[in-house]
Amino acid sequence: MNQKYVALVTGANRGIGYSIAKHLIAADIDVIGTYYTNAAEAQAAETALSTDTAKLYMLKLDISDHTTFAIFTTQVRNLLEKDLSGSTLKYIVQNAGNIIHTRFDAATPEQLDNQYNIHFKGPYLLTVALLPLICDGGHILNITSAATRFYLPDHGPYSAMKGATEVISLYMAKELGERRITVNAVAPGAIASDFGGGLVRDNAEVNKSLAEITPLGRVGQPDDIGAAVAALLSDNMHWVNGQRIEITGGQSL
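Numbering-wise (the numbering used here), the sequence shown opens with residue 45 and increments by one.
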């Protein structure tokens with residue numbers, strides 16, 4: 045019997061995280077996903093994505109509150125031992141997040157704390173908490189942003205935290221190499237989803253302006269990222285390590 049592998053994907057109830065879960069399940073990988081507040085949406089995702097060969101299991105998680113990570117890790121361990129008996133956690137995708145749009149000089153201390161906790165401190169400490177569960181030879185992907193490369197208005201605090209995540213990804217790749225765990229950062233460009241209040245998806249003017257600076261002539265869709273992440277997590281890509289991989293259709297070249 046082949047070894048069954050499991051992925052943990054934060055923020056799997058919608059947008060990019062949902063698409064990542066969908067593509068991993070299509071590859072016969074069970075997914076433990078997280079959601080923050082919308083239990084009904086999480087249940088709907090479980091129902092929609094689970095198949096006869098791979099399933100989605102949703103757990104509630106506040107990525108900004110590191111004091112809950114020990115309990116969450118126990119929940120993941122219990123899932124692996126009971127519902128997913130005989131399976132191994134091989135993949136961690138740190139995707140959950142939000143954005144507070146503000147100029148750098150208008151950001152309040154509370155807003156900076158929010159972006160730091162959600163985009164850097166939370167994912168950092170959650171990965172540390174999950175390290176005892178992930179198998180040697182596993183793969184970790186941190187979802188960052190193409191806005192660490194180029195300027196976007198009112199993206200400063202958000203992009204700064206994503207930049208910090210890209211730096212720590214390098215250190216993680218180096219220091220987890222002894223366990224043959226690869227670590228990469230994936231940086232999406234503009235995506236038509238509900239992220240940021242659905243600005244790219246729902247504002248026709250914003251959508252058009254971003255499509256015009258993208259050589260392929262459109263903004264991205266969640267499945268553009270989900271499919272790429274599933275490919276990067278395959279064992280065929282095990283030699284890709286310590287990289288920042290931009291998936292933007294060439295936005296702002």
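Hints may contain errors.
Stated by the list, open to error - Derived DSSO-like pairs: lysine-lysine, alpha-carbon spacing no greater than 30 Å straight-line: (1) K66 - K104; (2) K104 - K126; (3) K48 - K104; (4) K165 - K99; (5) K48 - K99; (6) K165 - K104; (7) K66 - K126; (8) K99 - K252; (9) K126 - K99; (10) K252 - K165; (11) K252 - K218; (12) K48 - K218; (13) K48 - K126; (14) K126 - K252.
Claimed, not checked - Beta-carbon label-pair distances, calculated as ranges: (15) C179 - G286: 34 to 44 Å; (16) A150 - E125: 45 to 55 Å; (17) K126 - Y195: 41 to 51 Å; (18) S253 - T97: 35 to 45 Å; (19) E154 - D279: 41 to 51 Å; (20) Y160 - T81: 33 to 43 Å; (21) A92 - V250: 20 to 30 Å; (22) Y195 - E249: 35 to 45 Å; (23) Q119 - H282: 27 to 37 Å; (24) Y160 - A71: 25 to 35 Å; (25) A150 - N247: 15 to 25 Å.
Since the hints were derived computationally from the structure, they do not count as laboratory data.
These figures come from a predicted structure and were not determined experimentally.
Heads up, the beta-carbon is just placed ideally off N, CA and C, and yes, glycines get one too.
Does K104 sit within 30 Å of K66, going by the straight-line distance between their CA atoms?
holds, 19 Å
Is it true that the CA of K165 sits at most 30 Å from the CA of K104?
Roughly 18 Å separates the two Cα atoms, so the pair holds.
Regarding Y160 and T81, is the given constraint of 33 to 43 Å on their beta-carbon distance met?
violated, 20 Å
Holds or violated: 25 to 35 Å for the Cβ distance of Y160 and A71?
Holds - the Cβ-Cβ distance for Y160 and A71, about 33 Å, lies within 25 to 35 Å.
Compare the distance between the alpha carbons of K126 and K99 with 30 Å, and conclude whether the hinted pair is satisfied.
holds, 14 Å
Take a quick look at whether K48 and K218 sit within 30 Å of each other, Cα to Cα.
Satisfied, since the Cα-Cα distance of roughly 27 Å is no more than 30 Å.
Is it true that the CA of K252 sits at most 30 Å from the CA of K165?
Judged against 30 Å, a Cα distance of about 34 Å means the pair is violated.
Going straight from one Cα to the other, do K48 and K99 come out at no more than 30 Å?
Given that 30 Å is the threshold and the Cα spacing comes to 12 Å, the pair holds.
So does Q119 sit 27 to 37 Å from H282, Cβ to Cβ?
holds, 29 Å
20 to 30 Å as the expected CB spacing between V250 and A92, which holds or is violated
holds, 28 Å
Given the hint of 41 to 51 Å, check if E154 and D279 actually sit that far apart at their C-beta atoms.
At 43 Å between Cβs, range holds.
Mind checking the hinted window 35 to 45 Å against the Cβ distance between S253 and T97?
holds, 42 Å
Checked against the numbered hints given earlier, this structure breaks hints 8, 10, 11, 14, 15, 20, 22; the rest are met.
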